[in-house]
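Single-letter residue listing:
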Amino acid sequence: MPPTNAAGLPLSRYRVLDLTNEIGFLCGRILGDLGADVIKVEPPGGDPARNHGPYYHDDVDPEKSLYWYAYNYNKRSVTLDLSQPPGRDVFARLAAEADFIVETGTPGRMEALGLGYEELRAANPRLLMTAITPFGQTGPYHEYKADDIVAVAVGGLMNLCGDEDREPLRIGVPQAYALAGAQAAAGTMIAHYQRLMTGQGAYVDVSMQEAVANALPATQLEWFVSKEVTRRGDRHPYGGRMTRGTFPAKDGFVASHLFWGVGPGARMKGLAQWIKDTGQETTIGDVDFTKVTGFSITQEQVDNWEEEMSSFFSRFTKAEIYREALRRRAFVFPVSTPADLAEDPQLKARDFFKPVEHPDLGSVIDYPGPFCGFSETPLSIRRPPPLIGEHNAEIYEALGYSRQQLNDLKKAGVI
Amino acid sequence: MAGQLPLEGVKVADFSWAYAGPIATKQLAIFGAQVVKIETHSRPDSVRIALPFIGKPSRNSSAVFGNFAPSKLSISLNLNMPEAVAVARRLAAWADVVVENFSAGQMATWGLDYARIRESNPGVIMLSSSQQGQTGPTASHPGLGGMLQALAGFNHFTGYPDRGPRGPSIPYPDMIAPWFSIVAIIAALEHRQRTGEGQYLDLSQLEASLQFLAPAVLDYSANGRAGERRANASDEAAPHNAYRCRGDDRWCAISVRSDEEWRAFRGVVGDPAWAGEPRFASLADRIEHAGELDELVSEWTGEREAEEVMRLMQEGGVPAGVVANGRDLHQDPQLRHREHFAMVDHPRMGTIPVDAPAFRILGTPPDIQPSPSLGQHNEMVCRELLQISPEEYQTLLDQGIFS
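Protein chains in written order, with numbering that gives the first Met the number 0: chain A, 0 to 414; chain B, 0 to 402.
Among these hints, one or two may not hold up.
Unchecked claim - For lysine-lysine, the following DSSO-like pairs were computed, each having C-alpha atoms within a straight-line distance of at most 27 Å:
id, chain 1, residue 1, chain 2, residue 2
1, A, Lys-63, A, Lys-290
2, B, Lys-10, A, Lys-290
3, A, Lys-353, A, Lys-63
4, A, Lys-226, B, Lys-55
5, A, Lys-347, A, Lys-249
Claimed, not checked - Where chain B lies over chain A, by a calculated footprint (3+ residues, C-beta under 8 Å):
id, region
6, 50-58
7, 211-221
What the hints assert, rightly or not - Part of the chain A face toward chain B, derived, beta carbon under 8 Å:
id, residue
8, Lys-144
9, Glu-166
10, Leu-168
11, Ala-348
12, Phe-370
If you're looking for bench data, these hints aren't it; they were derived computationally from the structure.
C-beta atoms are modelled at their ideal positions from N, C-alpha and C, and glycine is treated no differently.
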């Protein structure tokens with residue numbers, strides 16, 4: 000395991016109070032990855048977001064949520080009951096020394112507790128507070144609720160996914176939460192840079208709905224410009240025809256695509272030569288796709304070429320196809336399963352997956368590695384996700400509470 | 000009156016094109032960084048020619064470009080000419096941050112790789128955002144964002160059980176990478192401020208994407224579970240789906256997790272007899288009979304407008320939302336309240352809606368200016384930013400390096 004010491008990392012001078020559930024905990028983790036001392040402030044019993052699966056060995060236990068693990072390493076944990084006045088006093092002391100607060104309470108909750116940005120800033124003008132909610136702090140929907148499926152719906156991503164004759168689809172692993180957390184981190188860093196220049200803190204109001212809307216390159220413009228509503232579908236418009244993006248292989252699926260036109264048509268060369276070399280009867284191998292336009296071909300021709308690709312790919316396994324595609328620089332990729340990713344040659348060569356020791360489980364779990372390579376300040380997983388309140392003693396004692404005081408707080412159910 | 004913007008004074012030489020790079024530099028530009036987009040006439044940024052156009056199709060009338068290049072400056076350099084490459088190198092020497100997202104290795108062919116930029120600009124921060132990173136056996140393998148989406152595994156988890164894998168019809172990894180790029184750049188700026196040291200940022204869009212699939216990676220590592228396509232089914236909620244509503248292709252997503260939400264849901268739908276049946280009594284029961292439940296819910300939603308379903312559910316305390324298309328996004332009362340679409344007056348396109356970021360820094364709104372035409376700032380960039388003399392600029396013009 001790499002050292003837990005964050006010295007030398009860009010944010011190693013800062014402390015973050017992380018009061019987030021699933022819609023924001025990636026934000027806190029990113030700050031932690033960059034070296035900040037992130038303290039997860041959980042209610043006694045733990046962050047309710049610990050109750051999301053999948054779980055380690057399917058053991059439904061808030062300290063065994065793999066979902067929670069994935070976004071809460073590089074953090075320490077304290078428990079604190081903010082609904083009790085003594086808990087709020089402890090929090091105010093933590094906040095007075097903190098540099099960042101990231102929170103996902105319903106709009107107005109922190110203010111109702113007397114812990115709103117204005118109050119906390121009075122004691123700590125440098126404080127930067129980021130609030131992540133489904134729809135933002137104000138506006139007609141600010142009290143509305145959204146989990147992942149609702150957020151990908153109202154943000155527009157869901158309408159781009161699925162078949163025309165069936166219901167729209169969500170991506171099977173929650174995306175709205177991750178989009179919100181990552182964009183909150185970007186906004187937080189921009190506000191942080193401003194603080195470096197001015198010494199002044201800021202309040203950052205993040206909407207999960209907008210985070211999803213920002214993942215769509217052209218949907219809103221297609222409506223604005225031509226009053227066209229983009230339809231989802233297995234096939235999508237390309238160069239005046241409808242094309243598909245996935246094809247069956249022997250042991251799963253691969254992603255590929257037909258290309259035509261002056262520039263893109265050249266992308267067919269690798270695949271066309273490959274089909275020829277295997278001796279399969281081919282029309283793709285004999286076409287110069289740089290000379291093809293959407294107008295010069297019928298949909299039936301497109302269908303026939305795709306049928307040919309389909310029967311070609313179905314002769315091979317995904318691994319065989321990808322190996323050969325790499326050699327020939329053909330535009331073909333596997334539709335990876337997690338098992339494929341674990342064996343992916345590129346991720347292996349870059350040593351991407353990181354084993355993380357979980358002493359409480361007596362087990363080692365492989366995690367995705369850093370989100371970006373930093374040549375001078377490389378990021379790492381410095382500490383595993385914390386147990387509930389694992390760091391109560393060390394953090395509260397450092398804050399000046401005596402053992403006796405902590406025992407009293409514990410008896411009162413505050414920590 | 001806007002005050003000082005957060006990133007004022009940060010100088011960015013932006014060699015990036017298509018989506019992943021430009022979406023990142025868009026946020027830097029609207030928050031005050033001086034972003035110079037280095038482009039070329041012979042091979043225009045693919046987004047400059049992306050549909051839809053406003054008015055006559057041209058390199059200066061793509062609404063998509065308008066959305067992704069606001070507040071940027073544009074210089075057109077014909078990088079086939081050594082004199083143009085020399086100007087590009089001067090921009091790299093001028094910059095605090097160099098951003099690019101070409102295939103790995105392309106920048107080196109112009110002598111614009113990190114090692115060489117650093118010779119003239121020792122503290123430079125350079126971010127390369129590529130499909131699979133700068134090193135490793137597949138670093139230069141060609142592909143599109145939609146294909147990388149499959150490689151990362153999004154499609155494996157998405158689709159109907161009885162059909163093949165599906166995924167959103169967008170280059171989704173390109174929409175993920177920018178947020179990590181921004182974070183990395185600003186973190187590197189802070190490190191430089193403290194130490195004087197620049198650095199190279201190697202962002203693999205595949206690795207960034209896997210942050211968004213991390214729970215599934217852990218599920219495989221810890222439990223050996225590879226996951227599958229389950230349409231909209233959930234282990235934690237039922238109803239949990241998009242439900243057909245009145246009208247053509249109208250849908251509303253509804254999600255009911257706790258017993259409390261189930262009681263609220265029953266109240267909203269008028270507590271019909273079926274809702275009280277034992278097969279729907281507990282969350283586990285509802286999940287087990289999710290298919291039957293979906294049919295009953297669809298009967299109720301099918302008689303109502305999607306907007307009405309959303310409103311009734313939300314007012315009753317049940318998470319629900321219209322499956323928004325482009326029209327819905329523009330008409331959404333909440334997005335309107337947030338002024339999510341900043342209406343920008345563009346000299347060629349007229350008014351165009353530019354997506355605002357999901358974050359509002361209170362008291363510091365972004366400054367969203369129209370996207371530049373190709374080469375609009377050639378003279379300004381050369382004369383003011385690079386301090387090129389009028390005579391030398393004339394020579395560059397005569398050589399045709401801006402063509």
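How the hints compare with the structure:
1. A:Lys-63 with A:Lys-290: violated (57 Å)
2. B:Lys-10 with A:Lys-290: At roughly 42 Å apart (the allowed maximum being 27 Å), Lys-290 of chain A and Lys-10 of chain B break the hint.
3. A:Lys-353 with A:Lys-63: Holds: Lys-353 of chain A and Lys-63 of chain A sit about 18 Å apart, inside 27 Å.
4. A:Lys-226 with B:Lys-55: holds (17 Å)
5. A:Lys-347 with A:Lys-249: holds (24 Å)
6. 50-58: Holds: 6 residues of the region 50-58 of chain A have a Cβ under 8 Å from chain B.
7. 211-221: holds (count 10)
8. Lys-144: holds (4 Å)
9. Glu-166: holds (5 Å)
10. Leu-168: holds (6 Å)
11. Ala-348: Constraint on Ala-348 of chain A satisfied, holds at 4 Å.
12. Phe-370: Since chain B brings a Cβ to about 5 Å from Phe-370 of chain A, closer than 8 Å, the hint holds.
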